[in-house]
Amino acid sequence: MSGFRPWRSLAMLVALVAALSLVLAACTDDDDDDAEAPAATPTTAPATASPTPPPAAATATPEPTETPTPEPTEEPEPAGEQLKIGFLADFSGPLAEFGPVIQTGVDLAIKHINAVGGVNGQDVIVVTGDTRVDPTQAVEEARRLIEVEGVHAIVGPLSSTATLAVAESVAGAAGIPVISPSATSPALSVADDDGYLFRSTTSDAAQGVILAGLADNQGYDNVGVLYRDDAYGQGLSDAFVAAFTTQFSGEALSVAYSADGQISYLAELQQAADAGATVLVAVAFPDEALVFIREAIENDIFTTFLFVDGTKSQQLIDEIGAEYLNGMFGTAPGAGPETPSLSVWNASYVAEYGELPTLPFVREAYD
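Start counting the sequence shown at 1; every next residue gets the next number (the numbering used here).
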């Protein structure tokens, strides 16, 4: 990535891959609509008195003939049925840069599935909803997808807070699987989701440790963590600070900011600097990080930064200026070592979209 050349992939973030075709097949209706009709019970008419008929003349009894058994016929397969998948993502709001790009992974998966006959003979289609990193909006969109659109499963949402809200408030009770490609908060592992919440990426319990090791490798011993006050920010900040202070004997101060966004972050930046921090860890989304990193540089509060998956953004680099961020490091999910299957996927993605994605979680969305 230009201006961010040493950005390191999270080698340990091995995607928790669940084949979409298998997950979606589990969502189809297995009920047998052709229930056996109950057999009719014979009834006997009451006997009535009648005159005795005269004896009939003898007649020849015809030989019995066998009635041919009809050949069984196969039930015709219903035509036109489709397996409908919901995709909840951010097409506006703080993660608007991510939604359309991550959807390319979903669309490519559906194209490949339909090319080989769909799921159990059903073509897969996708219906989208915009969550705007707003749990209330996410729940409303999830309810629309489930109750109005009739989706069989949901891919997304992207943010941990929205994912938890959807799984716990709507999808779990409805028995609709929710599979997020990017919700990394450790809180997902203990969500009250009735067993219907999944993710195809790894928990920040792992990313926090990797980030702490990266900070130690760079020789940082006193850092400030500026994090958004939600499930994602809190989870990653806690995991990083715990690992950095215990495993690597560093010093760290976490400072939260409102997840609703702020005009200025000078007070939070100064609080971290006053504690002796010389490096700022940005646990944020791109729009927010753009403001406080610019303020940190312009006010000479911090000039060295560590980044995470939520701030891996080319737009952020372009707007801050690559010259200010050159040589900085961060963590984000990576594809790992080159494998035959990865080579095939890369070639397929390039053939479809012209180049490989630079944002994270596209491969996880495909899975």
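By construction, these hints were calculated from the structure, which means they are not laboratory data. This one's a predicted model, so the numbers in the text were calculated from it and none came from an experiment. Yeah, the Cβ is synthetic: ideal placement off N, Cα and C, and Gly gets one too. Certain hints may be false.
Distance windows between CB atoms, simulated [said to hold, decoys possible]: (1) 276 / 123: 55 to 63 Å; (2) 276 / 107: 42 to 50 Å; (3) 322 / 192: 15 to 23 Å; (4) 123 / 303: 52 to 60 Å; (5) 256 / 136: 16 to 24 Å.
Each hint tested on the structure:
1. 276 / 123: 55 to 63 Å: For residue 123 against residue 276, whose Cβ atoms are near 59 Å apart, the range 55 to 63 Å holds.
2. 276 / 107: 42 to 50 Å: holds (48 Å)
3. 322 / 192: 15 to 23 Å: Cβ of residue 322 to Cβ of residue 192: about 44 Å, so the range 15 to 23 Å is violated.
4. 123 / 303: 52 to 60 Å: holds (53 Å)
5. 256 / 136: 16 to 24 Å: Between residue 256 and residue 136, where Cβ atoms are some 21 Å apart, the hint holds.
In this structure, the one hint that does not hold is number 3.
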